[in-house]
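These protein sequences, in sequence, are chains V and Z. The first sequence: position 6 = 6 (my numbering), numbered continuously. Position in the second sequence counted from 1, then plus 1000, gives you my numbering.
Just so you know, the hints here were simulated from the structure itself, not pulled from any lab data. There may be inaccurate statements among the hints.
Which chain Z residues face chain V? A few, computed with CB under 8 Å, are given here [unchecked claim]:
#	residue
1	1044
2	1053
3	1054
4	1177
5	1179
6	1182
7	1206
8	1209
9	1217
10	1218
Pairwise CB distance ranges (calculated) [claimed, not checked]:
#	chain 1	residue 1	chain 2	residue 2	range
11	Z	1027	V	202	27 to 33 Å
12	Z	1081	V	50	52 to 58 Å
13	V	9	Z	1022	56 to 62 Å
14	Z	1087	V	27	49 to 55 Å
15	V	50	Z	1130	28 to 34 Å
16	Z	1121	V	27	39 to 45 Å
17	Z	1159	V	9	33 to 39 Å
18	Z	1130	V	21	37 to 43 Å
19	Z	1130	V	75	28 to 34 Å
20	V	9	Z	1027	27 to 33 Å
21	V	15	Z	1081	42 to 48 Å
22	V	75	Z	1170	39 to 45 Å
23	Z	1018	V	73	24 to 30 Å
24	Z	1224	V	202	41 to 47 Å
Far from chain V, some chain Z residues (derived; all Cβ distances over 10 Å) [as the list claims (entries may be wrong)]:
#	residue
25	1018
26	1043
27	1093
28	1103
29	1130
30	1140
31	1188
32	1221
Ideal placement from N, C-alpha and C gives every residue a C-beta, glycine not left out.
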Amino acid sequence: MRPAGALVLCGALALLIALAPGLAASIHAERAFDHGDQRLYYPDGPFLRHARLGFAAPVADYVWLQAIQYYGGFRRGEHDLRYFEGLIDAVVTLDPRFGEAYHFASLVLSLEHGDHHAAIDMLKRGILANPDDWRLPFNVGFIHYVFANEYEVASRWFETAARLPEASDFCRRFAAFSRQRSGDVAGSLVLWEHLRQTTESADMRELAERMIEQGLQTLQGAPPGGMKGSPAPAAAKGVR
Amino acid sequence: MLTRVLAVAHGTFQETVRDRLFYFVWFFGLVLIVATTVLSPLTVGAQAKIVADVGLAAMAVFGLLVVLLVGASMVRKEMARRTLVTVLCRPLGRGEYLVGKYLGLASTLSCMVVLMGLLYVLAVAVTPASLAWSHLAAMYLTLVELLVLCAAAVLFSTIAGPALASALVAALFAIGHLHGSLQDFVAMSGGLQQAFAAAAYRVLPDLEVFNVRAAVVHGDPVSSQHLLLATVYGLGWITIYLLTARAVFLRREL
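Next comes chain V alone, as it looks inside the complex (with noise of 0.2 Å):
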């Protein structure tokens, strides 16, 4: 070949390259297609599992990808959250010892949804799962005393996960931290922070550090003393 048809085939191949990437993202447009209706018929985890055909935990990681992009949509304003547990609920069915997804899972529920219930039964199906995983009954004392003000459930869950093999130091300072019943928005704050520390997930941190904005407000506009037991900086430098 001549080098001026070289250089002519180089440049249309060039040209239709660059024009490709224009053309597809004007197909999506055109097609208008939600994407929420393509999660309708997401396969569920039972059906997964029989067809997994030995490639079950990479799938499981695959659903978990989908699942942390279905999020971040949410919190881009794109659409609710109403897949999220059948996404969740396929990737812990494929891989039940996927830790990562209960304590990420239950975080959404009780935050995004506000149900407590649903987040500390997908720790407890966690749990039952992973028995020796000290961070599942941890989260489950952290719901029961950051949301639902039951201080008492929510040391025997922190001494559970103490007990557990490798359980952090923190394990027991929470259980005696919530056995005081000491101020609730001081103890949500060390847990918030200790969160905001040890999350890997911008969107968690980005969540928690809110929560503790929050916090430090709600503990300004409160009288002097009127916060019980341990205030949050005592606490929070324990963690630390």
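Chain V is already provided as a structure; the job is to place chain Z on it using the hints.
Only chain Z this time, still in chain V's reference frame:
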């Protein structure tokens, strides 16, 4: 006899190298790089798990692709080219030829799994996960599973064309991993369906025996007894497939 079998095996191995089958190893490396760099920011605390899951699964998938693309057409291709007649004119038994072909492809698969295993170790090393011996056990059992499928591919290659043989190996892989569901189906169904399902349950290998990938990613150990029994189970099926292949091939008109 061993020299003749090894000569065929060596030729088959060289053929797979010439066919650039080891490019699959580079694809595997690419998959791992994507899993560690591109997917990691999206994984929300599950990076180590996802890299390990993807790595071990990709190893099985690429190995299966080699069995489907090469193993399933191995014998039939030489029959079509008439090179088989030339080979069998020499003092080489049909059974020896089949075993040689099998060992050649088995060597290729073993080399591939070892190379992919090295890349996997490198990929896991850059994640927060710790590499345990059980990961090596998972790779070993994946290799045994691939060797069983390779023997099945040799059998199907003697009785069917490449497309049908590939489909049969793929079906065997699927049913092998649905063995538990097949057992449920036997319990639920009745009549002819039940008899058919029960027969399938008995005559097809349970490939889930070799699947410890999810367990090792979650830190479960694999016992030496499991490794030993799975190896014996795998060798049993390899022997069954190769003996059946020999029996079919001896009666085949070339």
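Evaluation of the provided hints:
With its C-beta approaching chain V no nearer than about 4 Å, residue 1044/Z sits inside the 8 Å limit, and its interface hint holds. Because the closest C-beta pair between residue 1053/Z and chain V is about 4 Å apart, less than 8 Å, the hint holds. Because the smallest distance between the Cβ of residue 1054/Z and any Cβ of chain V comes to about 6 Å, under 8 Å, the interface hint for this residue holds. Among the interface hints, the one on residue 1177/Z holds; its C-beta lies about 4 Å from the nearest C-beta in chain V, closer than the 8 Å criterion.
Using the Cβ-Cβ criterion of 8 Å, the hint placing residue 1179/Z at the interface with chain V is not satisfied: the shortest such distance is roughly 10 Å. Here the hint on residue 1182/Z is broken, as its CB sits about 10 Å from the closest CB of chain V, past 8 Å. Contact between residue 1206/Z and chain V, as hinted, is not supported at the beta carbon level, the nearest pair being about 11 Å apart and thus beyond 8 Å. A distance limit of 8 Å between C-beta atoms decides the matter here; for residue 1209/Z the minimum to chain V is near 11 Å, and the interface restraint is violated.
Taking 8 Å as the C-beta contact cut-off toward chain V, the hint placing residue 1217/Z at the interface holds, the least distance being around 6 Å. With a least beta-carbon distance of about 5 Å to chain V, the hint placing residue 1218/Z at the interface is held under the 8 Å criterion. For residue 1027/Z paired with residue 202/V, a C-beta distance near 31 Å keeps the hint of 27 to 33 Å intact. Hint check: residue 1081/Z to residue 50/V, Cβ distance near 41 Å, so the stated range 52 to 58 Å is violated.
A beta carbon spacing of about 32 Å between residue 9/V and residue 1022/Z contradicts the range 56 to 62 Å that was offered as a hint. Checked against the hint of 49 to 55 Å, the C-beta distance between residue 1087/Z and residue 27/V comes to roughly 53 Å, which is consistent with it. The hinted range of 28 to 34 Å is satisfied by residue 50/V and residue 1130/Z, whose Cβ atoms lie roughly 32 Å apart. For the hinted restraint 39 to 45 Å between residue 1121/Z and residue 27/V, the CB-CB distance of approximately 42 Å keeps it satisfied.
Separated by about 47 Å at the C-beta atoms, residue 1159/Z and residue 9/V break the suggested range of 33 to 39 Å. Remark: the range hint 37 to 43 Å for residue 1130/Z to residue 21/V is upheld by a beta-carbon distance near 41 Å. Between residue 1130/Z and residue 75/V the beta carbons are some 33 Å apart, a value that agrees with the proposed interval 28 to 34 Å. Range check, residue 9/V to residue 1027/Z: about 28 Å between beta-carbon atoms, so the 27 to 33 Å window is met.
The beta-carbon spacing between residue 15/V and residue 1081/Z, approximately 44 Å, falls within the hinted interval of 42 to 48 Å. Between residue 75/V and residue 1170/Z the beta carbons are some 41 Å apart, a value that agrees with the proposed interval 39 to 45 Å. About 49 Å separates the C-beta atoms of residue 1018/Z and residue 73/V, a value inconsistent with the hinted range of 24 to 30 Å. The supplied range of 41 to 47 Å is met by residue 1224/Z and residue 202/V, whose beta-carbon atoms lie about 43 Å from each other.
A cut-off of 10 Å between C-beta atoms confirms that residue 1018/Z is not in contact with chain V; the least separation is 29 Å. The claim that residue 1043/Z lies off the interface is violated: its Cβ sits roughly 7 Å from the closest Cβ of chain V, which falls inside the 10 Å cut-off. With a minimum CB-CB distance of about 36 Å to chain V, residue 1093/Z clears the 10 Å threshold, and the non-interface call stands. Interface exclusion of residue 1103/Z from chain V stands, the closest Cβ pair being 25 Å apart, more than 10 Å.
The Cβ of residue 1130/Z sits about 14 Å from the closest Cβ of chain V, beyond the 10 Å cut-off, so the non-interface label holds. With a cut of 10 Å on Cβ distances, residue 1140/Z stays outside the contact zone with chain V, its closest approach being about 16 Å. With a minimum CB-CB distance of about 13 Å to chain V, residue 1188/Z clears the 10 Å threshold, and the non-interface call stands. Interface exclusion of residue 1221/Z from chain V stands, the closest Cβ pair being 14 Å apart, more than 10 Å.
This entry does not satisfy hints 5, 6, 7, 8, 12, 13, 17, 23, 26, going by the numbered hints stated previously.
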